[in-house]
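Peer 1: The lines below spell out each chain.
Protein chains: 2
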Amino acid sequence: MANDFQYTGQCKEILETADARVGDKVRLVLKRGDSQEVVEGLLMPRFATKDDEDYVVVKLKTGYNVGVRIDSGTKIEITGKGTEPHFSRPELPPRQQDLPKVCIMSTGGTIASRVDYRTGAVKPALDADDLHSVVPELAQIANVDASIISNIFSENIGPPFWSKIAESIEKEVRKGTDGIVVAHGTDTLAYTSAALSFALNKPPIPIVLVGAQRSSDRPSSDAATNLLASSAIAGQAPFAGVVIAMHDWISDETIAVHRGTKVRKCHASRRDAFRSVNTSPLAYYDLIHRSLKMNTDDYDRRRKPNDWSIKPKFDPNVLLIKFHPGLSAGIIDWATATGYKGLVLEGSGLGHVSESLFSSLERAIKNGLVVGMCSQCIWGRVQLNVYSTGRDLLRIGVIPLYDMLSETALVKMMWAFGNEREPENVKQIMHTNLAQEFSDRRVIEEKHDG
Amino acid sequence: MANDFQYTGQCKEILETADARVGDKVRLVLKRGDSQEVVEGLLMPRFATKDDEDYVVVKLKTGYNVGVRIDSGTKIEITGKGTEPHFSRPELPPRQQDLPKVCIMSTGGTIASRVDYRTGAVKPALDADDLHSVVPELAQIANVDASIISNIFSENIGPPFWSKIAESIEKEVRKGTDGIVVAHGTDTLAYTSAALSFALNKPPIPIVLVGAQRSSDRPSSDAATNLLASSAIAGQAPFAGVVIAMHDWISDETIAVHRGTKVRKCHASRRDAFRSVNTSPLAYYDLIHRSLKMNTDDYDRRRKPNDWSIKPKFDPNVLLIKFHPGLSAGIIDWATATGYKGLVLEGSGLGHVSESLFSSLERAIKNGLVVGMCSQCIWGRVQLNVYSTGRDLLRIGVIPLYDMLSETALVKMMWAFGNEREPENVKQIMHTNLAQEFSDRRVIEEKHDG
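Protein sequences appear in the order of chains F and U. In this text, residue positions in the first sequence follow the working numbering: the first is 1, and each later residue adds one. In this text, residue positions in the second sequence follow the working numbering: the first is 1001, and each later residue adds one.
By construction, these hints were calculated from the structure, which means they are not laboratory data. Warning: the hint list may mix true and false statements.
As the list claims (entries may be wrong) - Calculated lysine-lysine pairs in the DSBU-like style (CA-CA distance at most 35 Å, straight line):
id : chain 1 : residue 1 : chain 2 : residue 2
1  : U       : Lys1427   : F       : Lys61
2  : U       : Lys1427   : F       : Lys366
3  : U       : Lys1427   : F       : Lys31
4  : U       : Lys1059   : F       : Lys59
5  : U       : Lys1061   : U       : Lys1075
6  : F       : Lys313    : F       : Lys171
7  : U       : Lys1427   : F       : Lys427
8  : U       : Lys1031   : F       : Lys366
Stated by the list, open to error - Footprint (simulated), chain F over chain U, 3 or more residues, beta carbon under 8 Å:
id : region
9  : 1256-1270
10 : 1324-1337
11 : 1351-1360
Since the structure is predicted, the reported quantities are computational estimates derived from the model, not experimental observations. Where a beta carbon is used, it is the ideal one built from N, C-alpha and C, also for glycine.
With the hints as constraints, model all of the structure from the sequences given.
Peer 2: What follows is the structure, given as structure tokens:
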């Protein structure tokens, strides 16, 4: 196994000449044209890739890894000796009859990311068995099967992938698994959870989407806790449906379980980045006592998958437009001319846009586009009957989407057009509460942790 | 004055026949084709407008007013007698030498909104003297001058208006006023506060933007408290610069003072909708003890307006694009072909977009567009050196905008192109901290109330 982490080619020669080994503290002095660049940190192992033979990987003090191109002119000083890190791969434990069956599907993302040796940045590289060996406690919680669906950053995930993952989930459910964990990048995790909430059409078991905000080679990684909690939730939870399970707070005590249509990534880097919006989390998982507590009685129960079928199609011809001062109506005319079928507007406040957009919106709707209105405020709800701007938008034919998140509305409209052609039918679908995407009004008035 | 509130024409006849008076509880039964519609509520006064003679205004139980078109076929039942509401206009109090001079500039919005009798919705209709008579306590706080700049909903406010208001503010500052209050609709209040933060180029006195989330005819209105607090802050505060003053919480105790570049409307309807993002509020105003407490020492002090000049120009050819799964690269090609000068992307997570957009972004940048990256997470900061997607974006020439709000970044880029032609100069401006639009990193790591 050790060979996996060794350098080859020119790098190997240069490192050997300097007697530098993986794990050592190093100081690299690099020639960059007429000037010098100094990089200090821990020399990291690397996974062999053909393109990368000129790069070494150094973990900086900040915890981030950088890839550094070295050549024969590079000076390497060893400022401290270390021991080479290694991955152990324990044998998988025997299955226990009384534990639930959980399938962990891997799609990529930080939850199992490795270093990209070309750019020195973190890149997804997922092997589901590795996950199990990294989190041995999984064996106490569930009999885990692993499957790799893809190995991509979530920013590259879109409608075709949503269909693929929905179909993969359906197969696993039919096999009789008790719960499914989907390991996924956090960037678009909430879009995918909304997409699966509609495509899976009231699934009979828990589908738990999970990611990590810090990669597993950092001390602050949340990959192991999140994987553990999501597997426990998938195996034991009484509810059926699509949720996201992520840290409720920065400490390793509680994992919040958010409904798939009511959740948003609200922080770029914190472990507790995900928040339920206009509602409370569905449940909390206590990492210390390893117990799940439901936060409400209002949820679908687990059931047999009889009479269940999925609706995995999406039509990507829907555009999300965030209104802003100075926004030209040209963008709406362009979308209409280009063949978009629907627009989701993120209006200001209760759901407003400048009156300079009215005639283009009217034309779009006359051309058969469905135009829905959400609020860029994030919290609260669209109300188009309070101000004259809203009344004018209603008259034009813009449909209010109340407290639905704009991201959820976008995904829902793509799904609606994947299943229906007629704008009137799509409008009706947009106004039907299919997966708890609309909240009870009272809940909205009371909640506001933004 | 009473005439202002009376009905005329056909409405007057119908109401007189039914002996219905303003203030009465009424039940209107309306013929609508073959069916009937029933509206119940309080008969409200109306302000005469030529187009509205067929409409009466009824305040529903919900607190909202609706305009109802009535005709000779309308049945009107009086279900309770009431008294006609009236506005008193006390004489303005004499000026007091020891009080600061404050100028309240009115632009429109809910803070002084009235009912639109055509649609029954709330419409801005602002008279600054009215404000004074509605909030008599103002006379204890400052010698108030009022000026009306415009009377428009803030969703219709854009770059030309920002220039106009900056010029109006400059004139008032040169006259020697101690502080300025700008009454403005809340929908785009944060965009305007960012715009003024750059256009006013380190103003020498406090410029306090204020709005109201509930109109003054509702019991829960925040118009009076907000106007009172913002006038006190403008007159007394030790700081110079552009801020937004709005409720810190739903109760009438504390007004939070947010820096103009670091604030966002985060709720569609709550009185405490505005939040400082990636930083704490600059100060708090205690409504009960009428005192201002600074929350930090890190602020510009009041000074004489010597050597001060404004930079009021904006170029609206900048587009904000919120990245989402399935987003077609066509929108970037369209913006490039259309003559946009800059794009502000709301990327996912640390500032990512799908790799399917890379070649269009590269083309845009080669064509001279400036492309900045913010995060749609809202909280946290863009970091393009962590993942390979970010490194690729840096290589293409996308510039990271760290923890700047996307709304602020959009406005700043419009302002930068209003003052500079060269993309390289605009990039440099975008990376210079001109009005506290970037936070200290430590602050960001600790703060996260989203």
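Peer 1: For a quick check of understanding: which of the numbered hints are violated here, in increasing order?
Peer 2: 2, 4 and 7
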